[in-house]
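Chemist: Okay, here's what each chain looks like letter by letter:
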Amino acid sequence: MRLFLLIAIAVAAAVFFGARLIGNDYVFFAGYTVLQFVVLATAWNILGGYTGYVNFGSAAFFAMGAYATVALHKFPALIDSTFPEALAPLLRAIFPLPIPALIVIGGIVSGVVGLGMGYLTLRLRGAFFAIATLALAVVLQTLIVNWDYVGGSRGAYIIRPGEIALIGPYIQYLFLLMLALAVIAIAIARGIERSQLGYGFATIRDDELAAEASGVPTLKLKLIATALSGALMGMAGAPFPYYIGYLQPSSAFGLEYAVNSIAMPMIGGTTSWVGPLIGAILLGSLQQYVTVTISSSVNVLVVGLLLIVFVIVAPNGIVGLVQGHLRGRKK
Amino acid sequence: MVGISFDLVINALIAGILLGGFYAAVTLGVSISFGILDIVNIAHPAFIILGSYIAYILNAQFGIDPIVVSILMMPVFYLLGAGVYQVYHEAFERRGQESLRGLSFFFGLLFVTEVILILVFGVDYRYVEAWYIGPSWRLGVMDFPLRMLVPCVTALALFGALELFLSRTFVGRAISAVAQDQLALRLMAADPIRIKRIAFGISIATTAVAGALLIIIQPVEPSVGREYIGRVFAICVLGGLGSLPGTVIGAMLLGILESFTATFYGPSWAPAVAFGVLLLTLAFRPAGLLGR
Numbered sequence: 001m002r003l004f005l006l007i008a009i010a011v012a013a014a015v016f017f018g019a020r021l022i023g024n025d026y027v028f029f030a031g032y033t034v035l036q037f038v039v040l041a042t043a044w045n046i047l048g049g050y051t052g053y054v055n056f057g058s059a060a061f062f063a064m065g066a067y068a069t070v071a072l073h074k075f076p077a078l079i080d081s082t083f084p085e086a087l088a089p090l091l092r093a094i095f096p097l098p099i100p101a102l103i104v105i106g107g108i109v110s111g112v113v114g115l116g117m118g119y120l121t122l123r124l125r126g127a128f129f130a131i132a133t134l135a136l137a138v139v140l141q142t143l144i145v146n147w148d149y150v151g152g153s154r155g156a157y158i159i160r161p162g163e164i165a166l167i168g169p170y171i172q173y174l175f176l177l178m179l180a181l182a183v184i185a186i187a188i189a190r191g192i193e194r195s196q197l198g199y200g201f202a203t204i205r206d207d208e209l210a211a212e213a214s215g216v217p218t219l220k221l222k223l224i225a226t227a228l229s230g231a232l233m234g235m236a237g238a239p240f241p242y243y244i245g246y247l248q249p250s251s252a253f254g255l256e257y258a259v260n261s262i263a264m265p266m267i268g269g270t271t272s273w274v275g276p277l278i279g280a281i282l283l284g285s286l287q288q289y290v291t292v293t294i295s296s297s298v299n300v301l302v303v304g305l306l307l308i309v310f311v312i313v314a315p316n317g318i319v320g321l322v323q324g325h326l327r328g329r330k331k
Numbered sequence: 001m002v003g004i005s006f007d008l009v010i011n012a013l014i015a016g017i018l019l020g021g022f023y024a025a026v027t028l029g030v031s032i033s034f035g036i037l038d039i040v041n042i043a044h045p046a047f048i049i050l051g052s053y054i055a056y057i058l059n060a061q062f063g064i065d066p067i068v069v070s071i072l073m074m075p076v077f078y079l080l081g082a083g084v085y086q087v088y089h090e091a092f093e094r095r096g097q098e099s100l101r102g103l104s105f106f107f108g109l110l111f112v113t114e115v116i117l118i119l120v121f122g123v124d125y126r127y128v129e130a131w132y133i134g135p136s137w138r139l140g141v142m143d144f145p146l147r148m149l150v151p152c153v154t155a156l157a158l159f160g161a162l163e164l165f166l167s168r169t170f171v172g173r174a175i176s177a178v179a180q181d182q183l184a185l186r187l188m189a190a191d192p193i194r195i196k197r198i199a200f201g202i203s204i205a206t207t208a209v210a211g212a213l214l215i216i217i218q219p220v221e222p223s224v225g226r227e228y229i230g231r232v233f234a235i236c237v238l239g240g241l242g243s244l245p246g247t248v249i250g251a252m253l254l255g256i257l258e259s260f261t262a263t264f265y266g267p268s269w270a271p272a273v274a275f276g277v278l279l280l281t282l283a284f285r286p287a288g289l290l291g292r
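One line per chain: the protein sequences are L and B, in this order. At position 222 of the first sequence the residue is numbered 222 (our numbering), and the sequence of numbers has no breaks. At position 78 of the second sequence the residue is numbered 78 (our numbering), and the sequence of numbers has no breaks.
FYI, nobody ran anything at the bench for these hints, they're computed from the structure. Using N, Cα and C, we set each Cβ at its ideal position, and we do this for glycine too. Please note: incorrect hints may appear among the correct ones.
Distance ranges between label pairs, derived from CB positions [claimed, not checked]:
#	chain 1	residue 1	chain 2	residue 2	range
1	L	Leu286	B	Ser136	43 to 53 Å
2	L	Leu286	B	Gln182	40 to 50 Å
3	L	Arg194	B	Arg285	48 to 58 Å
4	L	Asp207	B	Leu187	58 to 68 Å
Derived contacts from chain B toward chain L, CB cut-off under 8 Å, selection only [claimed, not checked]:
#	residue
5	Val9
6	Ile10
7	Leu13
8	Ile14
9	His89
10	Ala91
11	Leu103
12	Ser104
13	Gly108
14	Val120
15	Leu279
16	Ala283
17	Arg285
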């Protein structure tokens, strides 16, 4: 495990310095999006791939993280009007919060939402959970649209500082944070796979009734998976307002987050941490390419079609195809 | 109630019932596919939007009444549904992978349909023209906009036809039986796969009508369908899975609730109602109001 983490950090460092060598900010903008999808896909797979419960509401969890940031970003404006004067200097020293703190808060918010949703629906058949997550996105969007403090349907501006100490351009700082998040997400996913927790998840996926009967605490495990997966998605969303500069509900709740976080693990392969990583890098880069060369609606279409083709033709994704190929060769 | 006039309440109630009738048309198909066949077709709203666009095209080109269009299109949608079921069956049901991959398949369908419609028609709102869009009947203080009344009546007719079909014909009864005991069905010399294909075809055929009703009620753009995902499944669960009368009652209840929410709190809150209803039902009465 320690070795894996060291390797992952080394790879991440190589990616970061490699990107700096190219010396073009666009690399960081595009790379940030791809890394964001690595985190989302890995997070989705912790629930979807390991326990077999489908979450269609990734966009909602992502947006919760993003809007937690917006809410806290707007907070200093309230200090003078709502808090006693004695507290004001203290609050002003704390705010604005640094992005790593915002990431943690975004993660907590989305994790708690995931836990609550899971508690209400996970005792029922799997399909209900999937449907509830789908509906969750619509409702949270309704709440945000009606919440004037975070900008409502008009959206909110977040001014991104131009530079940051030590690193330089702000986008490189955001890129580095997302890179770190990706490493953390993958390390968690891999850790789960090799732990008792992972075996528990797998029993739920394979036969929940049998697992329950043999004493696996299925509800508890499912709640852990939901909260963890939701929290990681929220963490991926927290820096987003700083990246995009202007956040409106329709962009934070964009269906492309929901479809990508399902399509990437499905196309890469859902049984191990490698699948979402491969899927996210391939699809993420492909989309960057298609967005630049053709249009952003076409890129969404491509993802949807690939998802349909892969679930029909290659149920275990690219990882499954490669494994099948290797096994065929051994024979 | 102080400050809230009786007229407002009674008209909110009427609007809710009419809206509920329309919601019934939207949900009947899901009651068959999800409630009876256990196929979680989350792409159902996408087919409805497709129905809306076909009604729009034929209405704009040839001036045909949208409801007439939708009835003419039902066989086409039936074949489309039967085709989709065949793929679903071959790729997922037979391999026993319907939960994870089957769901993703329908999610992909939902998504691809929406994006194709966006690419072809753009995101402009489209609408149809018909004599009943605009005028309204008045009965004392009560107001019956025909734009809502006609869809509601059509929906109830659709419900009646489906209920008769399911309870009176051999195939209809076989559809109700397929969820319970496939082996017994086989012993009755009915192929369960064929029955399921027919049932799924019918469920998609209803979306042709539901789509036409939708575009009569409101202008439509491709992403409107997403709002209906929460609604249809909330109604379906509320009504008790697979019960058509339950579906109509559930639809009316949700319609009334949404109408009151829109009247007294503002229309931007209405989409949240369905989700609240869905979560509360799942938490307290998962079998629905008229559960089996």
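Chemist: If a hint holds in the structure, say so; if it does not, say that too.
Modeler: Verification of the hints:
1. Remark: the range hint 43 to 53 Å for Leu286 (chain L) to Ser136 (chain B) is upheld by a beta-carbon distance near 52 Å.
2. The hinted window of 40 to 50 Å between Leu286 (chain L) and Gln182 (chain B) holds, with their beta carbons roughly 42 Å apart.
3. For the hinted restraint 48 to 58 Å between Arg194 (chain L) and Arg285 (chain B), the CB-CB distance of approximately 41 Å leaves it violated.
4. At about 28 Å, the beta-carbon gap between Asp207 (chain L) and Leu187 (chain B) misses the expected band of 58 to 68 Å.
5. Among the interface hints, the one on Val9 (chain B) is violated; its C-beta lies about 23 Å from the nearest C-beta in chain L, farther than the 8 Å criterion.
6. For Ile10 (chain B), the shortest C-beta to C-beta distance to chain L is roughly 27 Å, which exceeds 8 Å, and the interface hint is violated.
7. At about 23 Å, the closest approach between the beta carbon of Leu13 (chain B) and any beta carbon in chain L exceeds 8 Å, and the interface hint on this residue is violated.
8. Because the closest C-beta pair between Ile14 (chain B) and chain L is about 25 Å apart, greater than 8 Å, the hint is violated.
9. At about 12 Å, the closest approach between the beta carbon of His89 (chain B) and any beta carbon in chain L exceeds 8 Å, and the interface hint on this residue is violated.
10. The closest approach between the C-beta of Ala91 (chain B) and any C-beta of chain L is roughly 4 Å, which is under the 8 Å cut-off, so the hint is satisfied.
11. Here the hint on Leu103 (chain B) is kept, as its CB sits about 5 Å from the closest CB of chain L, short of 8 Å.
12. Annotation: Ser104 (chain B) was flagged as interfacial toward chain L, and the flag holds, the nearest CB pair being 5 Å apart, inside 8 Å.
13. Against a cut-off of 8 Å between C-beta atoms, the interface hint on Gly108 (chain B) holds, since the closest Cβ of chain L lies about 4 Å away.
14. A least Cβ separation of about 11 Å between Val120 (chain B) and chain L goes past the 8 Å threshold, and the interface hint is therefore violated.
15. A cut of 8 Å between beta carbons decides the hint on Leu279 (chain B): the least distance to chain L is about 6 Å, and the hint holds.
16. Here the hint on Ala283 (chain B) is kept, as its CB sits about 5 Å from the closest CB of chain L, short of 8 Å.
17. About 11 Å separates the beta-carbon of Arg285 (chain B) from the nearest beta-carbon of chain L, more than 8 Å, and the hint is not met.
Hint compliance for this structure: hints 3, 4, 5, 6, 7, 8, 9, 14 and 17 are broken, all remaining hints hold.
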